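Peer 1: So the chains spell out like this:
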Amino acid sequence: MNPSFCGNASTQCIAAGIPISHCRFSLSIVRSLYMSLFNKKANQDDHIDRISDLPSNVIDGILEHLSIRDLVRTSILSTNWRYMWTSVPTLKFQGRSFLPDDHLNYPSPVVSKIITDVLMLHNGPIYKFNLLIPYGCSFEITLECLNTWIPFLSRNVKHLELVNNGTYLDKMPYIVFSCKELTKFRFGGFNLSIPPNFSGFKRLLNLQLQMVTFESGALESLISGCPLLEKLRIEYCHGFEYFHISTPTLKVLSLVFDKNMKSICLKKAQNLSDLTLMANDGWVPGLIKSLPKNMQRFCCIASFSDKKNVFADIIPPTLLKSSFNSIKYLRLANVILNERRELLYIVSVLKSAPCLVELDIQNYSLVDVAQPPDHSEELECRSCCLNQLKTVNIKIRATSNQDAMSLIRFILATSTSLKTLTFDVGLGSQKLDALVLLSISQDLLLMKRASQRAEVKFLH
Amino acid sequence: MAQEASSSTSSKTISLKTGDGEIFEIEASAAKQMKTVQRLIDDLGDDITIPLHNVFSKELPKIIEYYKKDITGEITKDFEAEFVKDLNDDEVKVLFLAANYLDANKLFEFLSQNIADRLESKSVEYVRKYFGVENDFTPEEESKLREERAWSFRGIKEDE
Chain A
0 MNPSFCGNAS TQCIAAGIPI SHCRFSLSIV RSLYMSLFNK KANQDDHIDR
50 ISDLPSNVID GILEHLSIRD LVRTSILSTN WRYMWTSVPT LKFQGRSFLP
100 DDHLNYPSPV VSKIITDVLM LHNGPIYKFN LLIPYGCSFE ITLECLNTWI
150 PFLSRNVKHL ELVNNGTYLD KMPYIVFSCK ELTKFRFGGF NLSIPPNFSG
200 FKRLLNLQLQ MVTFESGALE SLISGCPLLE KLRIEYCHGF EYFHISTPTL
250 KVLSLVFDKN MKSICLKKAQ NLSDLTLMAN DGWVPGLIKS LPKNMQRFCC
300 IASFSDKKNV FADIIPPTLL KSSFNSIKYL RLANVILNER RELLYIVSVL
350 KSAPCLVELD IQNYSLVDVA QPPDHSEELE CRSCCLNQLK TVNIKIRATS
400 NQDAMSLIRF ILATSTSLKT LTFDVGLGSQ KLDALVLLSI SQDLLLMKRA
450 SQRAEVKFLH
Chain B
0 MAQEASSSTS SKTISLKTGD GEIFEIEASA AKQMKTVQRL IDDLGDDITI
50 PLHNVFSKEL PKIIEYYKKD ITGEITKDFE AEFVKDLNDD EVKVLFLAAN
100 YLDANKLFEF LSQNIADRLE SKSVEYVRKY FGVENDFTPE EESKLREERA
150 WSFRGIKEDE
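Protein chains in written order, with numbering that gives the first Met the number 0: chain A, 0 to 459; chain B, 0 to 159.
Hints listed in this document are in silico derivations from the structure and should not be mistaken for laboratory results. Keep in mind that the hints are not guaranteed to be accurate.
[Stated by the list, open to error] Simulated coverage check for chain B against chain A, where a stretch passes if three residues somewhere in it have a Cβ under 8 angstroms from a Cβ of chain A:
1. 92-101
2. 118-128
3. 142-154
Predicted model, so just to flag it, every value in this text is computed and none were measured. Cβ atoms here follow ideal geometry from the backbone N, Cα and C, with glycine treated the same way.
Only chain B is shown next, with the shape it has when bound in the complex (with noise of 0.2 angstroms):
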């Protein structure tokens, strides 16, 4: 779904395309705090739609909300909570993904924050699914390490 195209006057909007082809509009101060996106205008023009291959449009519209905020000055850790408080740690990490894409930096610092927080604790078989890793260590390495750095081996919780 395509979003409206921002009306004011003053500032200029951008259109960027995402990979599964839908279009949405940015203002150009928000885009600027997009580095990638920022680099594509310099090279391409601001006339022109800017194409996103690898960002999707069921992530640049939680984006484009976070962008916002930011260029109103109005990010404060209540927004912030509630901009993830509905998201699963498969979707953060597919929007952390495209923040990354996009080398949106507050959004990528803030996102590494929360990722990082969901993980506190989690079992060593949750974080290597998170990260698609596949053990290929040894029963004998293994419980070796894990006796070697025993202290980090306490307190984990257990998967829901």
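The shape of chain A in the complex, shown without the other chains (with noise of 0.2 angstroms):
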């Protein structure tokens, strides 16, 4: 190899070895990976000594990573690398190198000239900015301080995360709104109201909204203004009541609601296959008025310490038969099984999902809901035959054992594939005796299986 100071700089790179895909010419990092080749054999021992002056596009991929302090330290390293920092194109102020915990009470003045000054310094796009306040801070992101910082970001930002944490602040700044390329937006803490010129955020992907208070109207023009919307994810937000998606391109849907929602359908998400439903606190019956028709995967989490939680409550029978044919993967947590009407329930379900691979059903909740086990009937097993399902995970509290083998005997004796099936007792603190789980193994080893590969897992 015979590197020439002649010639242009990309066949430079070619016979460095460099990918032309993605170089940055700076031309004194250039000269100096010319230098230490330049008397140098393609040979082992030596190309140790040979990286010591690493290519540009190499130090820009390091520098995308680095937390926000260690970036802007990069600047005492040499003159050269005085202002490298200041073409990366992500900035993110975020967790311990941010904020660490002794620095929790910074003064709000303090914090905010931090931001200002990288933002001042920077030089170039900036493609990704997030901004999260961490838990215990004093610090609030002020209308004030979007609007000095704003206008650094909007005309090329593609994600953007602004989040308080835990505190309720005044409507979001309609600047934020000017921020046109955006295709992941998360946002947190503020009060959210739609400007009225909103032309939408008409690449925007991937939406996430946490902690925020919606006015009237707000949600769903925000939600329409976005027409290639593929994922959302809505959590622990207030002011709306209904939740009726038509967004035809939504793929994914995780929504975290409280009690008062009153309604969710969902029918017109047409290409929606991949939904969580999780109640923060209790649910009303007949919340779900209808579900997408093409739906894949499906977790529905009822709320930790409700006695309310049923199941059968908010997804009606109808409801079963029209979207569950294509789900291929279940999670059903906080599930009470001691309650007959409930077990009765989970098995309408599986006989509804003809397609199913994967089951989960865990129950954290606390509720002791104090019934006698009803042995009286099993599950009536004929009519059903599982015949996709592969792998099942329950995870439950001890108490609540005697139920789930209910459940467990009837998914042995249907699934014809059944490859691995984990009953874990584990959860919470309270232990069944040693004669109790030898008793739950030897019923395990006797049931009937109609996959004569499942592996049955006990976990204590």
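Need the complex rebuilt from these two chains, each delivered in its own frame; the hints are there to steer you.
Peer 2: Given below as structure tokens:
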């Protein structure tokens, strides 16, 4: 290899083995690379020396992933490095690097100044900007801050995350809605109202809202302004009681709602295939009016400690018939298995999901429905065949093991392709004694299995 | 030590020759993930042994291992953690440079994050050594910069 100092930079790059696809020609860096290559053969012992001067795209790759403190500190490495950090297109003010635990009480003007200084020194487009205020920090992202900072970002930013922690601020300033290039937007701890001249986020694919209070109609206006939206996540938000979605591009939806939610209607979301619904503090019967037709993944999580959690109340039999026929993965959490009615309901769910491949049932709930276990009728198996089901995980607290056993017996008797069933009674602090564990193991071994290859794992 | 040739009849294997003369086999679908290799295949054909002057027999097997997992969709956080667990900072750097040369994007992204994590809160001297940088600031310039950016100099760990 005989590097020539004539010829253009791209020829020199090919000779050095730098991929053309991402070269940023910083002359001093390229020159120092040549100095180190000039008299070395490609030979294993020498190549460790050769890498002491790294190619520029390699440096860019690392700089983009450095935490904000480490990134700004590179300015002191040498005079060449002084401004290298200023053109990295990612700025993430988050985590311990931004505000370590002993700095959570930094006065707000100091925190503000850090961010403003960085933005003023920065040079070039910013594609990704995160400002996540940690829990316990007294700093709040104010209107004034955002009006100062967003103009630095609005032309180019694609990923934007602005999260106040725990504080409900005044309205999100309208200036944020001028970021037209956004493909991913996450915000939290603000009041949301939509500016009257909002023309939408035409490129937005991924929207995440947490702890946001919606003014009337704001959520609907926001979503209808995002014609390409594919992923939507709404958690612990207030100010909406009706959730009716008709975005045709939406594929993934995750919704954490509270007991004020009156109605969820999803049948118009024709491409929605991955749905998670979680009740924060209980749900009202009849809550779900419709579900998407082609669901493949469905997680439904009841609230942790509400006695009125009955899955049968919110997903009525008519919905089961029309919406569960493509489901491959199903997860139900905080199911109260020792309610006979609920156990029968789970069976009807399984019967409505012929394509089901993986099933996850968990009960973290502290609710102890004091009922004597009902062994009088075992679950009827003959009319059912779950012939795609391969993996089952059942994880419960030690005290509800009897009822889970009925369900397990049903599953083992009807699943002709079952590979693994894991039964974990280890949740919670109450442990079963050795005799009970032994008797459960014996029962599991004796249960009739439709699939000869099925492996049953018992964890405690 | 040359790797055993893959015996799959359904997918083609490509032979790669490292800068220190060792030959390794890789499946054609994994080779596609390394744009430099794919470009060389397009130019030279897939029956010839592809020469990789800037990659050596210490790194290439690791890279092949990564992409073997990638084509079966098995790359998980646990796998990635395990993958770099026993490598020291210099070994990761060498692997990273190889991934750069091969234009292997997924590995490049993963290793750049891993290196950034390893450099987290390290002292200025350590980072200088890692990037092969000589300090050419005057003491006055340096102390002025440290003062201006005081917030970024807090919380640095001592070198081991």
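Peer 1: Does each hint fit the structure? Answer for all of them.
Peer 2: Here is how each hint holds up against the structure:
With 6 residues carrying a beta carbon less than 8 angstroms from a beta carbon of chain A, the region 92-101 of chain B meets the three-residue requirement, and the given coverage holds. Only residues whose beta carbon comes within less than 8 angstroms of a beta carbon in chain A count, and the region 118-128 of chain B has 7; three or more means the coverage holds. Coverage of a stretch by a chain is defined here by at least three residues with a beta carbon nearer than 8 angstroms to that chain's beta carbons; for the region 142-154 of chain B and chain A the count is 8, and the condition holds.
Every hint from the earlier list agrees with this structure, and none is contradicted.
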